[in-house]
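Engineer: Going down the list, the sequences are from chains B and C. Using our numbering, you'd call the opening residue of the first sequence number 1 and step up by one each time. Using our numbering, you'd call the opening residue of the second sequence number 1 and step up by one each time.
In case anyone wonders, no lab produced these hints; they're calculated from the structure. C-beta: ideal position from N, C-alpha, C; glycine also. Where hints are given, some of them may not hold.
[Claimed, not checked] With a cut-off of at most 16 angstroms between alpha-carbon atoms, the simulated EDC-like pairs for lysine to aspartate or glutamate come out as follows:
(1) Lys84/C - Asp100/B
(2) Lys83/C - Glu97/B
(3) Lys84/C - Glu97/B
(4) Lys83/C - Asp100/B
[Said to hold, decoys possible] Partial chain B-side listing against chain C, Cβ under 8 angstroms, derived:
(5) Asn47
(6) Leu86
(7) Thr98
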Amino acid sequence: MDPSISSTIPLEAYLALAAVLFCTGVWGLINSRNAVRVLMSIELMLNAVNINLMAFSNYLDGQLIRGQVFTIFVITVAAAEAAVGLAILLSLYRNRETVDMERFNLLRW
Amino acid sequence: MTIASTTQLICFVVLSATLVLGSLGVVLLPNIVYSAFLLGGVFLSVAGLYLMLNASFVAAAQVLVYVGAVNVLILFAIMLVNKKETLQAIPGLALRRVLSGAVCAGLFALLIRVAFTTPWPLPGPEPVGEDATIRIGEHLFSDYLLPFELASVLLLIAMIGAIVLARRDVISSDIATGDPVDQGLIEKARTPLLLDRTPR
Numbered sequence: 001m002d003p004s005i006s007s008t009i010p011l012e013a014y015l016a017l018a019a020v021l022f023c024t025g026v027w028g029l030i031n032s033r034n035a036v037r038v039l040m041s042i043e044l045m046l047n048a049v050n051i052n053l054m055a056f057s058n059y060l061d062g063q064l065i066r067g068q069v070f071t072i073f074v075i076t077v078a079a080a081e082a083a084v085g086l087a088i089l090l091s092l093y094r095n096r097e098t099v100d101m102e103r104f105n106l107l108r109w
Numbered sequence: 001m002t003i004a005s006t007t008q009l010i011c012f013v014v015l016s017a018t019l020v021l022g023s024l025g026v027v028l029l030p031n032i033v034y035s036a037f038l039l040g041g042v043f044l045s046v047a048g049l050y051l052m053l054n055a056s057f058v059a060a061a062q063v064l065v066y067v068g069a070v071n072v073l074i075l076f077a078i079m080l081v082n083k084k085e086t087l088q089a090i091p092g093l094a095l096r097r098v099l100s101g102a103v104c105a106g107l108f109a110l111l112i113r114v115a116f117t118t119p120w121p122l123p124g125p126e127p128v129g130e131d132a133t134i135r136i137g138e139h140l141f142s143d144y145l146l147p148f149e150l151a152s153v154l155l156l157i158a159m160i161g162a163i164v165l166a167r168r169d170v171i172s173s174d175i176a177t178g179d180p181v182d183q184g185l186i187e188k189a190r191t192p193l194l195l196d197r198t199p200r
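Next up, chain B with everything else stripped away, as it sits in the complex (with noise of 0.2 angstroms):
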């Protein structure tokens, strides 16, 4: 492959490009009273860090992709923590009978 076709977008971009989609995230996380919305935002997060961790492995770990060995590890317990997640949610919404975030506050006092 010719390296000068592969340097046409600088890696600064897909750096650029998760940080904005992982403060997006952060932002929807603590700002969600949808408890299902919550749950989207941690997805978005992880997102960013894959986006992060498949462009430090082309650019910088070419020969020995370990970026993308981690990005499916990163994959399976996002699969994992979705599928538990939501049954917490279910268990939760049968109980409260909401989605509301502002309600969960069992645990607080």
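Keeping the supplied structure of chain B fixed, place chain C upon it in accordance with the hints.
Structural biologist: Chain C in isolation, oriented as in the chain B frame:
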């Protein structure tokens, strides 16, 4: 990926615009069903970015796992809990939004600064390109074998845990005698013949 540089630039701009607008829509739209579908669009554009980064296997895994499984799971959860409820106003919501926006902007500035001031050792080794799938397979069965096996155990644990958490525990009593009814009998019954009381 051996496409011309202009095409690559156009692809990157389109994918990143979809990604940013879609993620803003996921966070900001009031209707959560639209948010869930936009989340699918975000996952697809991330898969497109993976294709641009010479990773066809991970792009396929992203489409299969995220769009095919996680997004569908989220849509099912929305379908199960989608009750119209009017959220009662809480004091200081606007202040909280502004403060968290400031915190996120600060985090963003920090990340951008790190990304643009760190002297990355570029250009790195040449990417393997289409051989990436073979290389991932070698990694998974040699030096990442233990995490690979642990991931399978984790998936099994998550599956059983999700079933246990989401199972409907029925607390019923026999109408005639008032004794608590065996849980196993209720699960074996074909029709929900007993009164269905969720625990409060």
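Engineer: Verify the proposed pairing of Lys84/C with Asp100/B, using a straight-line Cα cut of 16 angstroms.
Structural biologist: 11 angstroms, holds
Engineer: Is Lys83/C within 16 angstroms of Asp100/B, Cα to Cα?
Structural biologist: 11 angstroms, holds
Engineer: Would the pair Lys83/C and Glu97/B pass a check requiring their Cα atoms to be no farther apart than 16 angstroms?
Structural biologist: 9 angstroms, holds
Engineer: For the restraint on Asn47/B, tell me whether the closest CB of chain C is nearer than 8 angstroms.
Structural biologist: 5 angstroms, holds
Engineer: Measure nothing beyond the straight line between the CA atoms of Lys84/C and Glu97/B; if it is 16 angstroms or shorter, mark the hint as holding.
Structural biologist: 11 angstroms, holds
Engineer: For the hint on Thr98/B, just tell me whether its beta-carbon gets within less than 8 angstroms of chain C.
Structural biologist: With a closest approach of 6 angstroms, the Thr98/B hint holds.
Engineer: Taking the least C-beta to C-beta distance, is Leu86/B closer than 8 angstroms to chain C?
Structural biologist: 4 angstroms, holds
In this structure, none of the earlier numbered hints is contradicted; all agree with it.
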